[in-house]
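Q: Chain by chain, the residues run as shown.
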Amino acid sequence: MNPAVEVDRFSWTYPLAASPAVCDITLTIPAGEFTLIAGPNESGKTTLAMAIKGLIPHSFPGRQAGVVRVFGEEVRRKEAAILAKQVGYVFSDPEAQFTSLTVEEEILFGLENIGVPESEIAHRIRHASELTMISDLLDKPPYDISGGQKQRVAIASVLAMDPEILILDEPTSMVDPLGKDLIVGICAELRRRRRLTLIVIEHNLEAFAALADRVILIRAGRIERAAPPREFFEDPEVLERSGVYPPQVTQVFARLRAHGLYRGALPLTDEEGIRAGDALLRGAGA
Amino acid sequence: MVPVDSPFYRYHPVTRLALLVFLSVTPLFVDMPEINLGLILAALVLLRWGRVRMQQIRRYLPLLATVALFMFGVAFLAPGDRARLAPFRLAGLTFYFQPMWWAFVSYCRLVAMLFGAILYFSTNRERDTLVALRSLRIPFAVSYVAALSLRSAGMFMEDFRTIREAEQARGLDLESMSVGEKAKLYTMYTVPLFAVALRRADEISNALFARGYTLSGRPAGGGPRTDYLRRRYPVERRDWTLSAGLAAMFVVAIVLGKVMGVFSDQLSPLHGVALRAIGLR
Amino acid sequence: MTLVRVEDATFSYPDGTRALDGVTLEIARGEFVALIGQNGSGKTTLSKCLAGLLRPTRGRVVVDGIDTASKGVTRNLVRRIGYVFQNPDHQLFNARVYDEIGYGPRNLGVPEAERDAIIREVAAVTGLHPDLFGEHPFFLSKGLRQRVAIAATLATRPQVIVVDEPTTGQDYRQSIDVMDFLVRLRVERGHTIVIVTHEMPIVAAYAERVVALRGGRILMDGAAREVFSRPDVLAETFVKPPQVTRLAHAWGRNGVRSDALTVDELVDALRAALAARDGPAAGRLEAGAGHPPRGAGDV
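Chains as they are written, first to last, in my numbering: chain A, 1 to 286; chain B, 1 to 281; chain C, 1 to 299.
Chain A with its partners taken away, still in its complex shape (with noise of 0.2 Å):
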């Protein structure tokens, strides 16, 4: 079976552009894994992921070497529709992606696009608007909805048309607290119901490092680190060093290591670090 997403010695070089955004990566992604790529702002983590979505070559100009594939075939020669129905892509502005007149209509939008028959459009409504938790706004105006909802429902929209990949780029940057939260829910419930391969680009690596199969850290359009969340925090001050803020618990716990006072794994989630700073605490050995 083909791996989700192969990239082959790819580089990409956008017009004008003196260096590269993506210089020679070579990364394979299986079908139905949660990848989260980390990295400091203008590293060439969207790069990547456009080039994985398609948007990289054929909405923007630009110089390619190497390849991206999905499911085996190469992204450059695959048509616009099928990139749509195979690669959803969320954008980090829920304004900029909302481009109907409600709610409804907004996921209808790209179902109608790739031609869903119209027995199962009220299906794949409601189902991409449970999981999404927007049922209840399906008839209202965008500028009745929060920045938070709106993104719910760009998320929503992107599911509703099944694709077999999800690339998520920074979705919670611009939501409130709550959105975030509602967000990383969503994630790991798509995680939990292990159909998609799963892509996010986030700062906010505390909510989603857990949920990761395996975190990728881009920076200056090369991969630096590509290893599973607990092996890829394990030295948290190098990571700090290349831009990028490990989970606080995580960071507490490595001082604690470097420090002699700790010898277990490092805890990335909040129960994690309650355990382990409670077992510590009591004397349970470290």
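No lab work stands behind these hints, which were simulated from the structure alone.
Among these hints, one or two may not hold up.
[Said to hold, decoys possible] No more than 30 Å apart at the CA atoms, straight line, and that leaves these computed lysine-lysine pairs for DSBU-like:
1) K71/C with K182/B
2) K184/B with K142/C
3) K240/C with K140/A
4) K142/C with K71/C
5) K71/C with K184/B
Please build the complex by placing chains B and C on the supplied structure of chain A, with the hints as guidance.
A: Below, chains B and C alone, put in the same frame as chain A:
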């Protein structure tokens, strides 16, 4: 904006659009103020019947007052060739009958058109207009771009407000500026509005690509576009009757008005009344 | 010395929604205040009322003795309180960085020579190299655009600076840069800083005073440590304390000081707790472990 429930919603959007055309375009062919005043009355009655909150109409009063001031003001200050006109005195000022009468006729016409539009936009959401356009077989791309423009306009209003605040935050005191200075300012808005527009256009086109949209609106794999929403607006018999009726009345009005001159302002009873009132008959 | 006074301010939109409902607070010179709360809690509206960009529909806001609702006070206000918007695009009006920074002083009628001096000074403070003066702001990176916006705001020399979402969309390094910069403005140049944000680790690390809003009203107003020690109340406006604070709370029953706001503080608190339990030798503690001053870089 639109009432939660309204008898209007029982009618198909195309029918409601036909009402808009009738109420708002007929006045163009009608000079007789009584007819236009009648249309205004009809619009007001329909607004009540449609359960629109009359408070919303109050928003338009300043506009109506301003337009009246403007039109009558011009008629007063620039009546034209005074030698050919009939003067009369009121409150110590000299007015000229023909330009004032014509201002009155035009004003009635304008307000009639306005109320037709007010009625339409108070009883139709953007979605309804879209469905009406699509039912009239307007190409999807056209109606979609129209909808997108509406959506963008909404976004721009927000941005515009923010930009005004930003200007104020840089010491621009809009209140103490003259009209001329404020007019010059409008060019200043273009810089941030363009910046926002360009960036957003970029993002929107990416979003459209990600949803598989092609310019024609035709779905992948060929065939016609499903147009799911339109299914939800059934066309009843009353829609056919009403639309046909409105279309017929519209045609008749144009014929009577422009071709046969039945709605000429000279034939207006009010015209006679006004002339007698100022002693010119 | 109180610089900004909000007296029972209410702000209603034309359609009746109340963004602010009877808010009263005072901001003193040199404070670093964070306004937090969920969407629609009124924090952005309050921040704009502070700067006089919005006028309360009831009550009033007084900045350095000036009522923001008075006529013709815009120029005076702008010399006292500046506002940096979240999206730099909204507030970049000129085709050159140099003109942009000078826009405020120009509106205030500052003569050209003096304006030039101000522009250069403010650019130096915000780390904008004169090479950038001729650039068109639209084409700069987001980080640089923000800095130009900040410089332009500083150019009218306000004492109080209000920043809406200084770190949204920024990466770790950029966030630290902008927050450290705001701290330097306060410490080195005596400015009063007010930020509106929903990033709690930033608030915990940089703000001294936190005002939490809910439904247009003040839910809590106090020192950061105090406010974050009440997660149950914060939950009413859908705000969670930063992870380290949550952990500290959970470990409170194990003898850990529960008011840690940063990674450093929590590590120290843990080491102190372990040392207390095991004796100083067991933890290889260095002497004089206390809380290092917050601010520079330790989020």
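Q: Against each hint, give a clear statement of whether it holds in the structure.
A: Hint check:
Restraint check for K71/C and K182/B: satisfied, since their Cα atoms lie roughly 17 Å apart, inside the 30 Å limit. For a cut-off of 30 Å, the pair hint linking K184/B to K142/C stands: about 29 Å separates their Cα positions. The hinted pair formed by K240/C and K140/A meets the criterion: a straight-line CA distance of about 29 Å does not exceed 30 Å. Only pairs whose Cα atoms come within 30 Å are accepted, and K142/C paired with K71/C is rejected, the gap being roughly 35 Å.
For the given pair, K71/C sits about 21 Å from K184/B by alpha-carbon distance, which is consistent with the 30 Å threshold.
Of the numbered hints listed earlier, the single one contradicted by the structure is hint 4.
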